[in-house]
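Given these sequences and hints, build the entire structure.
2 protein chains.
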Amino acid sequence: GLDRIVNSDPVAITFFIGYMAMFASAVFFFVERSSVDGKWKTSLLVSGLITGIAAVHYYYMRDFYLETGSSPTAFRYVDWTLTVPLMCVEFYLLTKPFGAKGSTLTKLIVASLVMLVTGYIGETSGIDNNVFWGVLSTVGYLYIVYEVFAGDVAKLAKSSDSPALGRAMFLLKIFITLGWSIYPIGYMVLPGNLLSGLFEVSSIDLFYNLADAINKIGFGLVIYSVAIAETHKNK
Amino acid sequence: GLDRIVNSDPVAITFFIGYMAMFASAVFFFVERSSVDGKWKTSLLVSGLITGIAAVHYYYMRDFYLETGSSPTAFRYVDWTLTVPLMCVEFYLLTKPFGAKGSTLTKLIVASLVMLVTGYIGETSGIDNNVFWGVLSTVGYLYIVYEVFAGDVAKLAKSSDSPALGRAMFLLKIFITLGWSIYPIGYMVLPGNLLSGLFEVSSIDLFYNLADAINKIGFGLVIYSVAIAETHKNK
Ligand SMILES: CC1=C(/C=C/C(C)=C/C=C/C(C)=C/C=O)C(C)(C)CCC1
Ligand SMILES: CC1=C(/C=C/C(C)=C/C=C/C(C)=C/C=O)C(C)(C)CCC1
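So the sequences go chain by chain: U and G.
Here the first sequence is numbered in this note's numbering, starting from 8 and rising by one per residue.
Here the second sequence is numbered in this note's numbering, starting from 8 and rising by one per residue.
Think of the hints as simulated: they come from the structure by calculation, not from any bench.
Be careful, since some hints might not be right.
Going by beta-carbon spacing under 8 Å, a handful of chain U positions derived as facing chain G [claimed, not checked]:
no., residue
1, K48
2, I60
3, V63
4, T131
5, I134
6, V138
No more than 16 Å apart at the CA atoms, straight line, and that leaves these computed lysine to aspartate or glutamate pairs for EDC-like [as the list claims (entries may be wrong)]:
no., chain 1, residue 1, chain 2, residue 2
7, U, K114, U, E154
8, G, K103, G, D159
9, G, K108, G, D159
10, U, K46, G, E39
11, U, K48, G, E39
12, G, K165, G, E154
Where is the CB? At the ideal position from N, CA and C, for every residue including glycine.
Right, dumping it as structure tokens:
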């Protein structure tokens, strides 16, 4: 597998970078947890878990890719099955001080599991079916977008005029619409899909690795900076 | 062994998810232990030990399954021999503030060891004997159910009218009857048993992995949320 690295295979290189970035971020979030105030500690712990879990799976994905040269689809979805619900928990922790309910968290987790199960079937079921399953998966994704823009989460924001909640909601919307949308765009390089003429199939992992860096590490860092700001304000 | 992952073998996938979920939960319980009040710290520690022990055994079970394609029965029972008594300790810690006695804990542990030893003999003794040993094992299980619904533990609940004990008892009953019953249902896919026509033998590990997630992680999270609620109430 080392020849892929020697030949500067971009997918192999992003798996290497991704692995180390996830690992380093996990260490960062775990250690900095002690520098933030009470309620933010759990948020930083969850960020540490998300990136730590991803580090383990990037380790497997990197090796799998080096050995086989093909996309480590099963490992990817194993990772997402754990990290996407944890992202929903992160959203919940962010809005809980403003009255977010456990039932909203349950809805988001169920929608994300529907999105992932149908997405996995789509990626493994071949050219005749992947558009159909991709569309189904997108319905799950759009439901999450709906909850944030017009459903339970949005109602929460309307009934409060806290500037802190305003900032939290703005972040949530940006990540859900821009950050998360990189995944379905990546999916569309699969044969038979919209972008399949423009990119090689193997570039699906470039999209997914980029998106993971933005959503797992980037979102964690944004939460971290809010947490640090709030901690200093209360001193 | 990697071909099982490539071919989306569901048992292999749940071993991967199970391993990572147990590991992440153990980290979560150990770290969050510092955020709860005195008497809850021990409960969170025990939850961390249960999921941490399970993470190690899932690591072995996953590799064993990837290599051989057969059920890692011995590892499973090694895990249960440690984690089921610890679950009994968890129940004891939950009811101790209301007067639970050490002798009740001893009874529960003895019953669970009877259940596990006979269950192990059943799983390894082949089609002619597994129904017999499964029934014996179920007697041990039903004794535990009896203690909670009508025996020592139930008497405790009757002699107190604390709403906190009421909630703890409710949780205990749900997990003992619904959560734990998934294990004997899984056992019944073995040849010669009730469900052996409906499921493949290999699905026994799907049942066990699901049940472990519910009883080890799910129960731990429920205790955690009670602990957090009680900690905030006392502030
Ligand atoms: C819509 C859609 C998809 C969406 C995937 C998403 C949105 C994944 C998010 C992952 C995150 C946020 C991980 C963070 O740790 C799939 C499954 C590619 C299949 C095609 C349609
Ligand atoms: C009744 C019965 C069984 C029960 C197993 C149980 C109830 C296991 C519980 C494990 C737990 C709770 C682990 C938590 O860490 C066996 C042995 C499958 C054999 C068939 C009959």
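Hints, verified against the model:
1. K48: The hint holds - K48/U has a Cβ within 8 Å of chain G, the shortest such distance being about 7 Å.
2. I60: Cβ of I60/U sits 6 Å from chain G, so the hint holds.
3. V63: 6 Å, holds
4. T131: Because about 6 Å separates T131/U from the closest Cβ in chain G, which is inside the 8 Å limit, the hint holds.
5. I134: 17 Å, violated
6. V138: Violated, because the Cβ-Cβ distance from V138/U to chain G comes to roughly 20 Å (cut-off 8 Å).
7. K114/U - E154/U: Roughly 9 Å separates the two Cα atoms, so the pair holds.
8. K103/G - D159/G: Cα-Cα ~12 Å, so holds.
9. K108/G - D159/G: OK: K108/G and D159/G at ~9 Å, within 16 Å.
10. K46/U - E39/G: 11 Å, holds
11. K48/U - E39/G: 9 Å, holds
12. K165/G - E154/G: 13 Å, holds
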